[in-house]
Amino acid sequence: MTEHVAIIGVGQTARYRSKISVSLAGLVREAALEALADAGLEWDDIDALVLGKAPDMFEGVVMPEIMLAEALGGTGKPVIRVHTAGSVGGSTAIVAAQHIKSGQFQRVLTVCFEKQSESNAQWALSPSTPFRPHFNSGAGGMFAPVIRDYMRISEAPEDVGCRVAVKDRQHACRNPRAQLQLQDISLEKVQESPMLWEPVRFLEACPSSDGACAMVMVNGRHTESSENPPAWVHATAMRSEPSFYPWRNEVDPSAGRECARELYQKAGIRNPRKELDCAEIYVPFSWFEPIWLENLGFCEKGEGWKLTLDGATHMDGGDIPWNCSGGVLSSNPIGASGMIRFAEAALQVRGMAGDHQVADARKAMGHAYGGHNQFFAMWVVGADKPV
Amino acid sequence: MRDVAIVSYAQAPMQRDAGGLSDVEMLVPVIDRALSDVNLERGDIDFICSGSCDYLAGGAFSFVMAVDALGATPSAQESHVEMDAAWALYEAWLKFQCGDIDIALIYGFGKSAPGELPDVLSLQLDPYYTQPLWPDSVSLAAIQAQMALAQGRFSERDMAAVVADSRAKAVNNPAAQLKGSIAVEALLGEPTFVSPLRKHDCCPITDGCSVMILASKEKAKSLCERPAWIRGIDHRMESHFLGTRDLTVSSSAQKSAQVIEIHSDKVDVAELYAPFSHQQIILQQALALTERTVINPSGGALAGHVLMAAGLDRFGAAAQEIWAGRADRAIAHATSGPCLQQNMLAVLEGA
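Top line first, the protein sequences correspond to chains A and B.
Reminder that position 281 of the first sequence reads as 399 in our numbering, one-by-one numbering, no gaps.
Reminder that position 300 of the second sequence reads as 455 in our numbering, one-by-one numbering, no gaps.
Here chain A stands alone, though its shape is the one from the complex (with noise of 0.2 Å):
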């Protein structure tokens, strides 16, 4: 027999920014606290900790669940640490969503975090390592020859990134825990950003953030406790394939495409379009969303640009909003971005996003991916409790 999931507790860090000042336990601590009076909850309550990162190395703590267990209340605890490279923060999410289904728990925190001004980006993800070739690029550098190969095969006008980057800026605007607060971008600011990985510029990418997300899951009889609506999950699914195969189609990755056919038939959802109200999906530089917008399936293959010049994913008019928050390019703590975008969607059906709120949501997806865009982490969450 397998129980509802409710997510009634969401925190963030106040500003997704350098934080340098604070220590991890301090960071993460902030989230899960905001997160537990959401909740109407106490540490106490809390029957098992379930935390995300990734990598190790930009902190340079091994393990750091190890010594952050105590801060989050975890002495005594079950704790487990799940890492699925950028994809964990989505990951983390599903796996605690798992501990609340399996009738095991009835109440759950979970947190994800990263503190990038501890080291660089960069540098870690360049990592020489034995056995391998040194591949110097990082995540830039990794993704710029697909996004080419993207452009090459849709025939995407040029300027589609650049108008991507303008409103995922415009939305952040509207999220004060948004890193980047560019109140005068415009196509021609972006355009005009310095080229970092032709053809990705700079106001085309992430930045480099310090923050936590965290949530609390439970048993959906036990909702509450908290004084705001829950947010109900409706359905998980992750997928996983290898970096390199001879026959891979890195631009349309199949283990997207078949994390989010299993995510809709288990959510009952047959056009994503027009079923959901908006979403929260991974978009690390520009022009993932046209990626994703057809890897997804929120339209044919080859139309995903057109989806991004019409507005269809524009707060203002759009009838898909993409990433009301900003996303992940207007702040990217790497470890928490997948938590950050399932939060936010738990929000937006909660009615709790603020300025950036899409009217009416009643059902929400997240997604996160990591790696070579080889591993996928999803989910749907709805105001309505699933039947």
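Read the hints as simulated data drawn from the structure, not as lab findings.
Model, not experiment: these values are computed from the prediction.
A portion of the hints provided could be inaccurate.
As the list claims (entries may be wrong) - Cut-off 30 Å, straight-line C-alpha distance, at most; resulting in silico cross-link-like pairs (DSBU-like, lysine-lysine): (1) 372(B) x 384(A); (2) 307(A) x 384(A); (3) 376(B) x 384(A); (4) 354(B) x 372(B); (5) 376(B) x 334(B).
As the list claims (entries may be wrong) - Computed footprint of chain B on chain A; a stretch qualifies when at least three of its residues, placed anywhere within it, have a C-beta under 8 Å from a C-beta of chain B: (6) 187–196; (7) 209–221; (8) 373–379; (9) 429–439; (10) 476–487.
Where is the CB? At the ideal position from N, CA and C, for every residue including glycine.
Since chain A is already given, all that's left is putting chain B on it; use the hints.
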């Protein structure tokens, strides 16, 4: 609770240095063996979960390439914990309880040889107050042993007896790294390494990997004559700050033992993940194990210690005792963190 059983387990030979073999090259034959032992193919697996540590390979996302060992397509339901693979098993067990899966493949791997493991593990400590002092894992264990010796909880002779027993039992374990007959007196004649620990009190540095297959009640009986059923499983964390907990006991193992009701007097076999000889005694005392229980028939972690797989290996070794009919009821234990900070306990049964 939905019944889940261990139906297959394969382990690479535990060796001091696997040389130029990559993680993927180590894993492929072991995955093949775990599958073929129960006539399964990769396509039969519903869920895959693994445990490993980036800091062993010295690079971020080191587990990513290991996914290559699973085969290319179709995409898999897959997850990873930056913990011993026993916790990967736990994540899979929860998924079984959700009713989502019927067959899961678990693997753990690690090559400790390329780095200086005791120093690497000191990076696991609190980075503000403890780590800057660079206490290494052996020195911390030595503090724990010294405290327990000073309190008279056991003697150095008891510790040597644990080592002699491990070496003797490991003779029957083809994967073991350290094995053989050696007298307690001879061990006590060895010089200390980090006092009061002698080298043989410490687990060896080992390269290797392990793979396990779990199955639901519906599937297990067709795959395995006598599946090792997981009747209870629980894990608990303790304080990280060494001055705030009693290092001479294992309160978390004790708590888990209560939660899953191990019934100390009815345990045929206990596979305890004790990286240091004295930690095995602390665990035996915490679980109140009696003479009846055979401890670590595989030789335990002192006979070979693949960091990130050694906890899963205890589940594998306990399951082997049940498959062979040598045990009806066994305990598997895993640990993580300095001085037994985090512990997992499971009860396995043959019927």
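Each hint, compared with the structure:
1. 372(B) x 384(A): Between residue 372(B) and residue 384(A) the Cα gap is close to 24 Å, so the pair holds against 30 Å.
2. 307(A) x 384(A): The given pair, whose Cα atoms are some 42 Å apart, is violated under the 30 Å limit.
3. 376(B) x 384(A): 29 Å, holds
4. 354(B) x 372(B): Cα-Cα ~44 Å, so violated.
5. 376(B) x 334(B): 34 Å, violated
6. 187–196: Three-residue rule met by the segment 187–196 of chain A, so holds; n is 7.
7. 209–221: holds (count 7)
8. 373–379: holds (count 3)
9. 429–439: As far as the segment 429–439 of chain A goes, the hint is violated, because 0 residues have Cβ atoms under 8 Å from chain B.
10. 476–487: violated (count 0)
Checked against the numbered hints given earlier, the structure breaks hints 2, 4, 5, 9 and 10 and satisfies all the rest.
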